[in-house]
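There are 2 protein chains.
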Amino acid sequence: MVHTGDGKGKSTAAFGVALRAWNQGWDVGVFQFVKSAKWRIGEQTVLERLGELHEETGEGGPVSWHKMGAGWSWSRKEGSTDDHAADAAEGWAEVKRAIAEERHDLYVLDEFTYPMEWGWVDVDDVVTTLRERPGRQYVVVTGRRAHPALVEAADLVTEMTKVKHQMDRGQKGQRGIEW
Amino acid sequence: MVHTGDGKGKSTAAFGVALRAWNQGWDVGVFQFVKSAKWRIGEQTVLERLGELHEETGEGGPVSWHKMGAGWSWSRKEGSTDDHAADAAEGWAEVKRAIAEERHDLYVLDEFTYPMEWGWVDVDDVVTTLRERPGRQYVVVTGRRAHPALVEAADLVTEMTKVKHQMDRGQKGQRGIEW
Chain Y
1 MVHTGDGKGK STAAFGVALR AWNQGWDVGV FQFVKSAKWR IGEQTVLERL GELHEETGEG
61 GPVSWHKMGA GWSWSRKEGS TDDHAADAAE GWAEVKRAIA EERHDLYVLD EFTYPMEWGW
121 VDVDDVVTTL RERPGRQYVV VTGRRAHPAL VEAADLVTEM TKVKHQMDRG QKGQRGIEW
Chain W
1 MVHTGDGKGK STAAFGVALR AWNQGWDVGV FQFVKSAKWR IGEQTVLERL GELHEETGEG
61 GPVSWHKMGA GWSWSRKEGS TDDHAADAAE GWAEVKRAIA EERHDLYVLD EFTYPMEWGW
121 VDVDDVVTTL RERPGRQYVV VTGRRAHPAL VEAADLVTEM TKVKHQMDRG QKGQRGIEW
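First to last, the sequence lines map onto chains Y and W.
Okay, so the first sequence: first residue is 1 according to the numbering used here, each after it adds one.
Okay, so the second sequence: first residue is 1 according to the numbering used here, each after it adds one.
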């Protein structure tokens, strides 16, 4: 699945998919590919809390959240690098390993279109890996300007288009709603 | 906020907004306006579970979920009516009361564009009520073909456009992902 376009809701909708997956008892892995001041704190908090709930009570499924910049959780120490390109390539390499091992049922590759656009990961490698993924694994990729080859390979592509935004009228984003 | 268009993700993104709001400790009210065989079971289960978590531990905020057809929770017995138009009007009347009393911080009016389109609720009444809502209350309306007056009144409008869908190639929707 690909959620692309310039509008809001690409990641939020992917997050919603992840929560439905959790509710089905699926193993959910989130990989956050862009280092940003606006971490998806709300999404992360809720999804990790649901992962804990799974551990405590058996409800839903397990959740793991990996983010760039805080060090991918399986490898780097926090702040050990500022090389985003290397971080992204390393993140993708880990996703590849996870897919090969069928580690998760659902992968959310959040803002993964950007490292693809910027040449930090190889587009052909991504598309081939996703096309040929073994078993029954689902992948959601979010971000603007999804590469045509990714769109071609995807089963479901939704474009979120901004029709109108209060920011255009000079208002700032609202805590709890926009971030 | 309005999430409209023919693509996927309108309700899912609204659900994501609700979860962020929950995480901020906000009071979330979901009003599901269309009676459907495909209830948003996953969303409802997760969000109500989070509401329980709030009651148990104080985490997040309270959640209430009201749906048409099962009888709006505050009034009708299940199966007491098949009059969808009356149900929708009653649902909207309750939302109006809630807004007047500032009962919730966030309202999700799921698939509310349809009763507006079908004349089951008065568009001017809706727009006026939403425009003049007291305090700091947020409202998300989802559904296709949002009425122009609603779009005009909204601060943020996102259109979800279907670029490509596996259903077009004859595959069926997938449990856990699409519903």
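The reader is advised that the hints may include incorrect statements.
Same chains, same label: a pair holds when it works inside one copy or across any pair of copies.
To be verified - SDA-like mimics (lysine to any residue), calculated; alpha carbons at most 20 Å apart, straight line:
#1 Lys162 to Tyr138
#2 Lys162 to Ala100
#3 Lys164 to His147
#4 Lys96 to Lys162
#5 Lys35 to Asp124
#6 Lys35 to Arg103
#7 Lys162 to Arg145
#8 Lys164 to Asp6
#9 Lys96 to Val123
#10 Lys162 to Asp6
#11 Lys164 to Arg144
#12 Lys35 to Ala100
#13 Lys96 to Arg133
#14 Lys164 to Ala149
#15 Lys164 to His66
#16 Lys162 to Ala149
#17 Lys164 to Pro148
#18 Lys162 to Arg144
#19 Lys96 to Gly119
What the hints contain is simulated information worked out from the structure, not anything from laboratory work.
For each hint, the structure was consulted:
no.: 1; hint: Lys162 to Tyr138; verdict: between (27 Å within a copy, 19 Å between copies)
no.: 2; hint: Lys162 to Ala100; verdict: neither (36 Å within a copy, 30 Å between copies)
no.: 3; hint: Lys164 to His147; verdict: between (25 Å within a copy, 14 Å between copies)
no.: 4; hint: Lys96 to Lys162; verdict: neither (32 Å within a copy, 28 Å between copies)
no.: 5; hint: Lys35 to Asp124; verdict: neither (24 Å within a copy, 44 Å between copies)
no.: 6; hint: Lys35 to Arg103; verdict: neither (24 Å within a copy, 37 Å between copies)
no.: 7; hint: Lys162 to Arg145; verdict: both (14 Å within a copy, 15 Å between copies)
no.: 8; hint: Lys164 to Asp6; verdict: both (11 Å within a copy, 17 Å between copies)
no.: 9; hint: Lys96 to Val123; verdict: within (13 Å within a copy, 50 Å between copies)
no.: 10; hint: Lys162 to Asp6; verdict: both (6 Å within a copy, 14 Å between copies)
no.: 11; hint: Lys164 to Arg144; verdict: both (17 Å within a copy, 16 Å between copies)
no.: 12; hint: Lys35 to Ala100; verdict: neither (26 Å within a copy, 41 Å between copies)
no.: 13; hint: Lys96 to Arg133; verdict: within (9 Å within a copy, 49 Å between copies)
no.: 14; hint: Lys164 to Ala149; verdict: between (29 Å within a copy, 13 Å between copies)
no.: 15; hint: Lys164 to His66; verdict: neither (32 Å within a copy, 29 Å between copies)
no.: 16; hint: Lys162 to Ala149; verdict: between (24 Å within a copy, 17 Å between copies)
no.: 17; hint: Lys164 to Pro148; verdict: between (26 Å within a copy, 12 Å between copies)
no.: 18; hint: Lys162 to Arg144; verdict: both (12 Å within a copy, 15 Å between copies)
no.: 19; hint: Lys96 to Gly119; verdict: within (17 Å within a copy, 51 Å between copies)
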